[in-house]
Amino acid sequence: MNNMGDTLIPSVGVITDVRIDTPDIKTFRVVTSDGKKAFDHRPGQCAMLSIPGVGEAMFSITSSPTNTEYMEFSIKKCGCVTEWLHQAEVGQQITIRGPYGTPFPVDDVFAGKDLLFIAGGVGLAPLRSVINYCRHYRDRYGNIDIVYGSRSKADLLDYREIIEEWANDAGVKVHLTIDNPQPDWDGHVGFVPSYVKELGFDTDKTAVLCGPPIMIKFTLEALVALGFDKRQVYTTLELRMKCGVGKCGRCNVGAKYVCKDGPVFRCDELEELPSEY
Amino acid sequence: MQVTEYKPLIVAFCCNWCSYAGADLAGNNRLAYPADVKIIRVPCSCRVNPTFILRAFQRGADGVIICGCHPGDCHYTSGNYYTRRRMATLFSMLDFLGIERERTRVEWVSAAEGAKFAATMNEFAQKVAALGENKRLEDLRCKK
Amino acid sequence: MQRVGVFVCWCGSNIAGTVDVQAVSEALKNEPGVVFSANYQYMCSQAGQEMIKTAVKEHHLTGIVVCSCSPRMHEATFRKTAVAAGLNPYMVEIANIREQCSWVHKDVTAGTEKAIILGKAAIAKVNLNTPLTPGESPVTKRALVIGGGIAGIQTALDIADAGFPVDVVEKQPTIGGKMAQLDKTFPTLDCAACILTPKMVDVAQNDKIRIFSYSEVTDVRGFVGNFDVTIKKKARFVKEDVCTGCGACVEKCPMKKIPNEFNLGMDNRHAIYIPFAQAVPKVATIDPDACNMLKNGKCGICSKVCAAGAIDYKQKDEIIEETYGAIVVATGFNPISMEKFDEYAYSQSKDVITSLEFERLTNAAGPTAGMLVRPSDGKHPHTLVFVQCVGSRCESCAEKGKEYCSKICCMYTAKHAMLTRDKYPDTEVYVFYVDVRTPGKNFDEFYRRAVEEYGVKYVKGMVGKIVPEGDKLKVQASDLIANKQLHLDADLVVLAAAIEPDHSARPLATMLTASMDTNDFFTEAHPKLRPVESPTAGVFLSGTCQGPKDIPETVSQAGAAASKVIGLLVKDKLTGNPCVAIANELTCNGCSSCERVCPYGAISYLDKEFRMPDRTTKIRRVASVNPAVCQGCGACTVACPSGAMDLNGFMNNQIMAEVDAICK
Amino acid sequence: MLKCSLDNVQTLFAEIAKEAKLYLPIDNADGTAVFGEWSRGVAWSNALNTAKSPKDFFFPQTEDLMRFRTEGKKIEVIDVRRESDDFVVFGVRACDVKSFDVLDRVFLSEPCDSFYAEKRAHGIIVSLACTRPAETCFCGIFGIHAAEPAGDVSAWKTEDALYLRANTEKGTALVARLSSVLEECSDDAVNAQKESIAKIMNKLPLKDLSTEAFGGGKTQDLFHSPAWDALSSACLGCGTCTFVCPTCQCYDIKDFNTGNGVIRYRCWDSCMYSEFTKMAHGNNRLTQKERFRQRFMHKLVYYPENNDGLFGCVGCGRCLAKCPISMNIVKVMKQIGGNKGE
Amino acid sequence: MQKITREQLIDQASELLANGTVSTVLGWGAGEFGYDVTPTLFKTAEEMQNGFVFNDFCGANFSKYLVSKTKTLEGKLLVFLKPCDTYSFNQLLTEHRFDREKVYVVGIPCEGMADIAKVKEISGEGISSIASDGDRIVVTTLYADAPVKIDARNVLAERCIHCKSKKHVAYDTLLGEEGDVVASARFDEVTRLESMTPDERFAFWQNELSKCIRCNACRDACPACTCETCVFDNPKSGVENKSPSNSFEEQMFHIIRAFHVAGRCTDCGECARVCPQNIPLHLLNRKFIKDINTFYGEYQAGAEVGSRSPLTDYTTEDLEPSEIFVGRNEHA
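Chains as they are written, first to last, in the numbering used here: chain A, 1 to 277; chain B, 1 to 144; chain C, 1 to 664; chain D, 1 to 342; chain E, 1 to 332.
Please note that the accuracy of each hint is not assured.
In silico lysine to any residue, SDA-like type, Cα no more than 20 Å apart, as pairs [claimed, not checked]:
no. : chain 1 : residue 1 : chain 2 : residue 2
1   : C       : K618      : E       : R100
2   : D       : K334      : E       : R100
3   : D       : K278      : C       : Q172
4   : D       : K74       : A       : P213
5   : C       : K199      : C       : Q172
6   : A       : K26       : A       : E83
7   : D       : K278      : A       : G79
8   : C       : K465      : C       : R393
9   : D       : K18       : D       : V175
10  : C       : K350      : C       : G464
11  : A       : K26       : A       : D155
12  : A       : K77       : A       : P213
13  : D       : K207      : E       : N50
14  : E       : K211      : D       : A47
Think of the hints as simulated: they come from the structure by calculation, not from any bench.
Could you put the whole structure together from the sequences, leaning on the hints where they help?
Following this line, the structure appears as structure tokens:
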């Protein structure tokens with residue numbers, strides 16, 4: 001037996017910080033047991049986190065690759081693993097393996113372009129990595145627009161970071177919206193797709209979309225209505241994954257394995273796939 | 001090499017109203033029985049699902065005993081009648097699969113029968129000990 | 001996963017003597033979820049409880065495990081402690097390391113080891129506990145008593161006395177039941193009517209009590225605190241509120257050859273009738289099967305003679321719907337039919353009668369005005385033979401009799417024999433018996449008086465055959481003590497017929513989802529501890545519907561049932577036991593297995609619409625547990641093949657976690 | 001070509017078993033054959049096909065991946081991988097041998113699955129020409145010749161002798177070790193057998209089944225075919241076809257808490273199962289039709305698209321024989337591929 | 001061997017389709033080799049003429065399909081039921097698993113169905129045609145020069161050898177006679193196993209159950225296993241598992257499955273028929289049936305709609321679990 005590792009065998013990670021973002025989303029900071037970042041990754045890639053006996057699940061890495069200290073994961077409570085993680089405290093060990101998936105084409109396609117990030121709800125989590133990456137290498141990209149919407153103000157992920165850091169960057173514009181009016185909110189009210197239409201972006205931008213399927217569907221329609229070509233729009237898919245390396249068969253759609261060939265897809269590529277995502 | 005005495009592990013499901021109280025009475029009267037017997041309290045013997053019994057064997061139990069109120073005395077009037085049918089058929093099936101029939105038992109113990117509880121446990125533990133380790137319904141993954 | 005605090009009690013030396021409590025609290029420290037572990041001399045003491053409260057606050061505990069004495073001892077105590085500390089009381093689990101460990105094991109090593117394992121099991125369970133809140137349901141402060149005999153009457157009066165409205169439903173035109181037909185009552189020999197009729201009047205006059213006579217319950221829905229009951233008030237063709245009970249109509253009614261049920265057919269009544277003089281309500285009733293006006297539209301005399309204008313030939317059955325908080329069943333008994341007992345010639349000779357017929361024969365208000373005569377020829381009987389256990393304790397004759405003892409026959413037969421000898425000293429009275437059972441206050445004395453003072457001839461042995469011959473009844477019997485056959489020529493034979501529940505009981509039990517035994521007697525919630533309650537919450541049992549009883553027993557049970565009803569009705573809300581079954585609608589198949597095993601009828605089904613993930617809808621039948629009715633036995637959880645049924649407080653995963661912890 | 005008289009075949013087995021465990025088809029009590037370990041006295045089955053495919057030698061139905069020990073908040077990961085001993089799988093039919101190519105492309109592609117690779121490296125496959133294909137056999141349409149089985153060593157069995165030919169380094173090493181029971185011979189007998197098998201293959205009822213409509217790039221043509229409804233209508237959603245299939249490789253990773261630790265293991269899974277793609281908040285294949293379609297689309301379109309046109313089916317016929325409702329890939333190919341009339 | 005012909009069934013169905021009584025027919029669809037029939041939905045008489053088949057291999061029990069098909073189809077579904085299938089039909093109705101109003105049952109007589117594996121044992125592989133000729137099944141193969149003629153009674157499926165009833169307990173229209181419950185020796189094999197020593201029995205079942213590949217065919221074909229979510233698929237049940245990881249898991253699955261259908265199993269034999277590993281699973285169910293009959297009186301699930309399973313019932317005089325082995329014909 002050669003002494004190689006196996007991608008299925010994870011290493012041990014430690015939760016070093018837990019931040020409560022919204023009523024059902026927490027952000028976990030994870031390092032290896034000796035305090036280092038578990039592995040390098042590219043924006044949009046994912047990692048498998050697990051709790052032995054509870055299960056393993058794929059999460060997009062929320063922190064930017066430019067952060068060399070640790071990784072962060074913004075996780076919404078919606079299943080066994082996530083529920084367990086939401087109860088976890090600092091110091092809790094978990095297991096981690098990765099990175100998995102194809103990243104956003106930040107170094108080629110995105111380079112020099114104006115970027116439009118559109119997110120809904122927890123959909124900001126996968127985009128945070130790429131947004132912060134692009135902010136870090138600010139001079140490599142054109143203007144950045146960020147449209148982000150959620151149910152309510154309390155449900156806006158990374159709200160602090162957005163208004164205190166992102167909104168203050170040169171060339172970065174943040175457009176926030178919530179679904180329903182509320183007393184302490186003087187920003188935009190309404191759903192993301194209609195807000196995107198209202199804002200009416202120039203079609204020379206490269207757009208990245210992430211959020212609930214229904215939001216993606218209508219926002220894509222809105223972008224197309226604005227004159228965007230689907231080849232300009234990227235999104236990420238979320239399917240059930242087990243192995244993370246395109247072998248177990250679970251996330252297979254058409255000839256693609258979402259864990260390996262995705263989760264980042266260009267919208268025109270998705271049209272080639274059977275509608276099973 | 002020192003030979004350690006074989007200690008069977010016995011899980012006893014006791015109904016809250018009669019048998020658990022009977023076990024308490026055995027305690028009140030300081031009637032000894034082996035520490036190998038571990039009691040799980042259930043509201044009624046009819047709460048005992050066959051999966052619990054199999055689970056116990058899987059996890060290393062050598063014997064499983066279910067204790068309830070005497071027929072006719074069930075706190076819930078009829079629970080133990082269902083237990084009686086379920087366990088009779090289940091035990092018969094386990095026997096059919098070749099699993100030692102002495103490893104499972106149903107005994108009716110009232111709240112007043114502390115002595116019977118202790119005697120039953122002593123006798124059952126002895127029988128199970130004589131059978132030795134549960135091999136036929138074990139799950140090797142759960143071995144230490 | 002909880003934040004669990006473990007508290008190990010020494011119980012002085014009771015636990016600490018055989019269990020190394022320090023080692024236990026140390027060992028449990030590293031169990032999953034445990035954030036605090038300590039031991040203390042007396043956990044149940046004020047100081048011990050304070051320790052728990054402090055730990056809850058300081059360590060933000062969400063679950064508590066107390067390793068101490070039996071939960072039957074102090075579970076309630078520690079639950080209260082939890083509440084005081086701001087926790088849900090059901091976040092407490094007890095590891096019984098005293099009764100089931102330190103007290104039964106002598107070896108410290110084994111005891112400690114076991115205590116640790118029991119602690120681990122409790123921790124494993126508490127980690128899966130969820131806060132439970134008992135359900136609440138309002139209570140309708142009105143009771144329904146079904147049956148207007150002495151049992152129903154007494155129950156109704158006692159409930160009304162406590163200030164709650166009561167409705168009494170009686171299927172006969174009058175309340176009073178069997179007791180109204182009796183002559184004297186044992187062992188005091190006071191007249192039944194004298195003690196019963198004042199009570200009947202009390203019922204009639206009590207403004208808290210409504211009587212629905214000539215009525216029956218046709219439907220019961222709902223559950224404890226809120227039973228929706230439908231009562232059918234049969235048309236009696238007489239306006240109840242108008243009729244004065246004067247009896248003029250009865251006198252003039254031309255249809256006068258109708259067998260009188262009240263006198264067991266030993267005389268006749270009219271088509272319009274009042275069952276007996278003291279009937280309550282004292283109003284006339286027209287027998288639609290006998291009345292010529294109702295059958296053929298010809299006659300109308302009663303209408304003409306009624307000064308009050310109470311007759312209403314067009315009257316229809318009335319349907320009454322009412323909500324009740326509690327229901328008392330007091331449906332009583334009947335003597336079994338003697339038709340099948342050919343050996344006693346009941347069907348062949350009018351002079352073979354049942355004990356109840358004998359009651360009417362000796363009753364001053366009866367068909368003979370109290371003169372004891374032979375029904376066949378009106379002659380005075382000289383030799384009387386009483387036969388005991390006719391159809392009772394019938395192990396071999398289950399097809400015509402009953403296996404149980406009817407309980408009252410020994411005493412009333414002694415009464416009949418004694419009264420006969422008292423009034424007619426010229427008679428010879430034989431009583432054939434299997435055993436004489438007299439276990440009541442002054443009962444055996446009574447029986448001995450019959451034998452010793454009144455010269456009743458008790459013969460141990462059974463009557464084999466009775467053959468009518470001329471005007472005599474040839475009685476063949478055995479005398480087991482003398483070990484010989486007896487041949488007697490009797491003038492009158494009285495059969496102590498077994499009693500059985502009224503035939504209306506079975507359909508009623510179905511409506512109430514109350515359980516019955518194989519003899520159709522209602523089953524008690526517990527034969528010893530809850531003898532007047534049915535297993536169906538809110539349904540109570542009064543009198544012989546539950547089993548054979550004499551009058552004093554019936555009355556005391558009636559009072560007991562009333563007190564249970566009052567105990568229920570004084571509550572504004574019912575707080576349930578939160579440890580009840582819950583059905584997971586998503587996995588329920590609607591197969592009815594659970595419903596079939598539920599002793600309380602707590603499970604019903606509804607067709608529920610489910611939104612499928614693909615936005616279509618699907619209608620499925622799913623089980624629903626009424627938490628107000630469920631008592632939490634868990635029978636349904638095992639009957640359920642899909643595992644959709646689970647039990648709060650004893651969930652499948654909790655019990656399996658305990659199993660795992662114990663077998664680790 | 002090497003030869004061993006059939007009278008001497010047990011000696012041959014004994015020789016093989018000296019240095020490696022030997023597995024070969026053995027008759028089961030119920031009349032089917034299964035791969036079992038050979039030991040002295042164990043008879044070699046004459047059966048054509050084994051009930052289960054030999055894929056579990058490399059991709060077992062259940063396989064421990066690792067263990068975890070947890071204490072408090074701490075986790076220890078324990079690598080349970082062990083070096084495999086050499087073993088020989090003997091008597092693998094041409095179709096099943098081909099299935100290893102299909103599996104290899106999944107498990108040995110980057111990142112390589114070390115669990116599979118380890119067993120594959122230590123397993124020596126001795127194939128066997130199939131002399132009596134069944135009516136359910138259709139390996140031919142996938143370019144497999146029943147009489148030309150691949151493997152480390154190819155074998156042919158005639159009336160009186162077993163012929164062997166080493167194809168690979170591992171195979172050569174194996175036959176070299178067996179020289180005492182093997183003798184050199186001409187190819188004549190084998191050639192004769194090949195010819196007669198070729199004749200039979202030409203008579204097989206499914207010989208003309210066409211793969212033309214399938215292969216990479218056919219997704220949009222086939223995915224929306226109206227025929228899927230009727231084809232999947234009776235499907236029970238069981239995993240029989242998947243589990244008897246030599247090429248199905250979907251797996252699940254599960255944790256088992258033993259009470260003393262956690263075993264993470266993988267086990268066969270089936271895309272036919274309703275919970276295969278179920279997530280906490282949805283399922284992208286809700287109906288049996290979608291799951292049914294996935295299985296066949298994967299074998300006939302998606303897999304070839306990613307693997308140079310290699311189909312994910314080898315025509316072994318097991319699913320044809322075992323499906324409780326007799327629905328199978330042949331019926332699917334005829335309906336969906338529109339070659340019902342041949 | 002069947003007394004009723006394909007044409008009679010098509011005629012019956014066509015009439016009901018034509019007069020609008022039913023909208024769809026659940027019948028047998030022809031396969032590739034004559035014996036591989038697939039349950040198929042037919043919408044028109046023409047479809048039936050083209051694809052419907054009825055022969056000695058129409059074993060599948062259609063009752064279970066009614067649970068799903070009646071929920072999605074418009075109009076009534078005609079289903080052909082053999083006598084043994086009607087018991088499953090009734091049992092499903094007892095458990096409220098489908099709406100009786102949505103189904104039209106055509107009861108068809110059954111002379112016993114053949115087991116293709118038994119046919120092949122005689123004929124060999126390579127079947128090129130298979131047909132019934134009176135009481136015989138005529139098989140031609142690629143390897144035999146002449147057709148092989150097989151007495152159909154010699155290749156009956158296990159459950160048909162031990163046919164328990166030729167009686168139709170549910171139908172709207174009956175082709176042929178209602179039939180009677182027949183005496184069968186179906187418990188003989190159970191009795192034989194019971195008379196073994198525990199060691200022998202254990203060895204027997206270990207050998208059988210170790211073949212299990214947990215494909216769930218037994219469960220998924222079983223008309224009693226119609227749970228919305230099976231406990232073995234439900235992670236919350238605590239027994240969820242999908243692999244026969246070891247002998248315990250194999251035993252667990254089959255014990256619990258048999259227990260869950262105990263008192264509800266009609267002994268239709270589908271589990272054993274569909275098992276790709278030839279495990280005699282019906283023996284587990286028959287053991288429960290035999291025990292229930294012995295302990296609590298004869299009971300046939302599905303004989304009537306609404307009957308109460310003995311395991312959801314009791315009498316106060318029931319046998320104690322300690323008494324179940326008393327008087328059993330024991331091994332030495």
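Going through the hints against the structure:
Between C/K618 and E/R100, the direct Cα distance comes to roughly 17 Å. Compliance with the 20 Å bound is thereby established for this hinted pair. With a CA separation close to 36 Å, the supplied pair D/K334 and E/R100 exceeds the 20 Å bound. The suggested pairing of D/K278 with C/Q172 is violated, with an alpha-carbon distance near 64 Å, which exceeds 20 Å. Restraint check for D/K74 and A/P213: not satisfied, since their Cα atoms lie roughly 37 Å apart, outside the 20 Å limit.
The suggested pairing of C/K199 with C/Q172 holds, with an alpha-carbon distance near 17 Å, which does not exceed 20 Å. Our distance criterion of 20 Å between C-alpha atoms is met by A/K26 and A/E83, whose separation comes to about 11 Å. A threshold of 20 Å between alpha carbons decides the hint, and for D/K278 with A/G79 the separation of about 11 Å falls inside it, so the pair holds. Restraint check: the Cα-Cα separation between C/K465 and C/R393 comes to about 18 Å, which is no more than 20 Å; the hinted pair holds.
For the hint pairing D/K18 with D/V175, the CA-to-CA distance comes to about 13 Å; that is within 20 Å, so the pair holds. The straight-line distance between the Cα atoms of C/K350 and C/G464 is roughly 19 Å, inside the 20 Å bound, and the hint therefore holds. Pair hint A/K26 plus A/D155 holds up; C-alpha atoms about 11 Å apart against a cutoff of 20 Å. The suggested pairing of A/K77 with A/P213 holds, with an alpha-carbon distance near 18 Å, which does not exceed 20 Å.
The suggested pairing of D/K207 with E/N50 is violated, with an alpha-carbon distance near 23 Å, which exceeds 20 Å. Taking the CA atoms of E/K211 and D/A47, the gap is near 18 Å; set against the 20 Å cutoff, the hint holds.
When held up to the earlier numbered hints, the structure conflicts with 2, 3, 4, 13 and fits the remainder.
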